[in-house]
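Residue numbers (the numbering used here), protein chains in the order written: chain A, 1 to 103; chain B, 1 to 464.
Rather than coming from a laboratory, the hints here were simulated on the basis of the structure. Be aware that a few hints might be false.
[Claimed, not checked] Anything over 12 Å on all C-beta distances counts as not near chain B; from chain A, calculated:
1. Gln20
2. Ile22
3. Gln23
4. Asp63
5. Gly84
6. Met85
7. Gln91
8. Pro95
9. Ala96
[Said to hold, decoys possible] Stretch-level coverage of chain A by chain B, calculated; a stretch enters the list once three of its residues show a Cβ under 8 Å from a Cβ in chain B:
10. 36 to 49
11. 52 to 60
In this text, a Cβ means the ideal position worked out from N, Cα and C, and glycines have one as well.
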Amino acid sequence: MFKQFSDSTTNTIEVVLNGQAIQVTQGISVAAMILAQGLRFNRTTPVSNSKYAPFCMMGVCYDCLMVIDGKPNQRACSIRVKQGMKIDTQQGVGPALRTSVGG
Amino acid sequence: MDNHYQLLIIGAGPAGLAAATTASRLGVSCALLDEQPEPGGQIYRSIESVSGQRAQTLGSEYLRGKQLAKAFRDCDAAYFPETQVWSLNNQRQVGILHKEESKIITADQILVASGAMERPVPFPGWTLPGVMQAGAGQILFKSAGMIPDDGVVLAGSGPLLLLLAWQYMHAGVEIKAILDVTPLSNHLLALPKLPKALLAHQYLSKGLAYQKELRRAGVKTKIGVSSLQANGEEYLESVSYNHFSRQQTIETDVLLTHFGVIPHIWLTQSAGCHHIWDKHQQCWRPQHDEWGKTSIDGILVAGDGAGINGARSAEHAGRLAGLQAVYALRVITRQERDEQAVNDRKWMLDDRHIRPFLEAYFAIPDEILATPDNHTIICRCEEVTAGEIRNAVKNGHGDSNQVKFLTRCGMGPCQGRQCANAVAHIVADAGGAPVSDQSHFRGRPPVTPLTLAQLASLSEADTQ
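Between the sequences and the hints, there should be enough to build the whole structure, so can you do that?
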């Protein structure tokens, strides 16, 4: 879906996405990171269990909610990746949905 | 962070930065709060950290943010990035969340420079992963250096669509098509506004130059497009549309849409500032005078959060509101305020000559704002459809807030930011009354979701 433009930094850090340790670009938002990883959704909706992905990227739509370091309902577009951060797909209103990357 | 400032500014876009720089240079104790980690707002996002190559691709207008950010960094205003503002009341008390701790701070003057958000316009399939707003595409590019890797379809109406296409073209992105839904009848309606727009011809010539470059590069622009629809089982697979009575489909995994921008009014709403429906801009905005004063004493607005006028105008309005705040604090006289405001007032008016033309040219027709497709989800959070809203109106609930109580639309985590306008348009459409008669969802604090733990972190001194 998305790739890094040629000028982008090559400095990487390690995060744990859905239980899997991966190297990601430093300084970008969690939402940008999951799009770069090809993860096609970050949560399922509480009402119809539909898959949602980041939509506005500016903190107003709340579609990009994820479980970050154990805390649910975090806006992935407004939080930057940090070394060792644990990021999980969110199921409905809370608990993490265990799934494979890209799933 | 102190508990009190003479001037508190919310939002570090062009208006907030210019206001903070102006006021602090005149000796006022001033703090600027912002959600982002860096100054610049959405328009100049990542302006301090962006690489030269990326900045060049984004264009000269973007680079202007560098001067603004530098002047702000050189002034004495306190700056609190990564800070959320979750309430504002008419006593000028501001609830904030900074480093996971809540706090209430007060100020003698408050400037809300909350900026704009994309106008959310529901259409069939708009909740599918892969459909995003054009602003999201731009933010991904500015802040993360990310671009679509397997082509993109751009759809909607408005100058941002053209700018993003131009930026993507220079970044080497394959643009599968630009689907322009602007009704062809708008061209005629905008014509009488053209002479005035020529006074701000730099915008027109830039737009025409972008179009020409895109055409030369072979980018397909379809005009007069209707019935836009995103298709896919679980994720976006294709986009279909109607073009001169022919149904067309394009395969794509990314669709970026744009239907203009609207002011972000959640704070001024919850503070109780008087808001009006602006029929030209097709949105609600806080009522304010030429200095940015709202209906509440000591609360000012500037920039796109006060009404859509663009980044340059926001900068001028920010300086004017900054001067007004300093005058209200009795640090300068009325005459000093007026004298120092002369240039910004003139430049702001000059810059705004383009607006009536843009508003008429890019006016979104009612049938797009109130989708006729009853299966389309309007409230993305609570997944309420247009049909459910129309049913509620049919059963006698002829007001947005009644529809909200009945259907839960607007009650999810975004608190109605994505559906308030669409609900008003659908209620108007179903009830037969104009949208200007509709009420906006009542905004209540906290305007951003807070956990009880975050709320409980308010210190005792704050809650007494």
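Hint check results:
Every CB of chain B is more than 12 Å from the CB of A:Gln20 (nearest about 20 Å), matching its label as outside the interface. Distance to chain B confirms A:Ile22 as a non-interface residue, since its nearest Cβ pair spans about 16 Å, more than 12 Å. The Cβ of A:Gln23 lies farther than 12 Å from every Cβ of chain B, with a closest approach of about 15 Å, so its non-interface assignment holds. Its closest Cβ contact with chain B, about 6 Å, brings A:Asp63 to no more than 12 Å, contrary to its assignment away from the interface.
A cut-off of 12 Å between C-beta atoms confirms that A:Gly84 is not in contact with chain B; the least separation is 18 Å. Interface exclusion of A:Met85 from chain B stands, the closest Cβ pair being 15 Å apart, more than 12 Å. Once the 12 Å rule is applied to beta carbons, A:Gln91 is consistent with being away from chain B; the minimum gap is 15 Å. Consistency note on A:Pro95: stated as away from chain B, and its beta-carbon is indeed over 12 Å from all of that chain's, at 16 Å minimum.
Every beta carbon of chain B lies more than 12 Å from that of A:Ala96, the smallest distance being close to 17 Å; the non-interface claim holds. Against chain B, the stretch 36 to 49 of chain A contributes 6 residues with a C-beta closer than 8 Å to a partner C-beta. That satisfies the three-residue criterion, and the hint holds. Only when three residues or more bring their CB closer than 8 Å to a CB of chain B does the claim for the stretch 52 to 60 of chain A stand; here the count is 9, and the claim holds.
Comparing the model with each earlier hint shows a violation of hint 4 alone; every other hint is respected.
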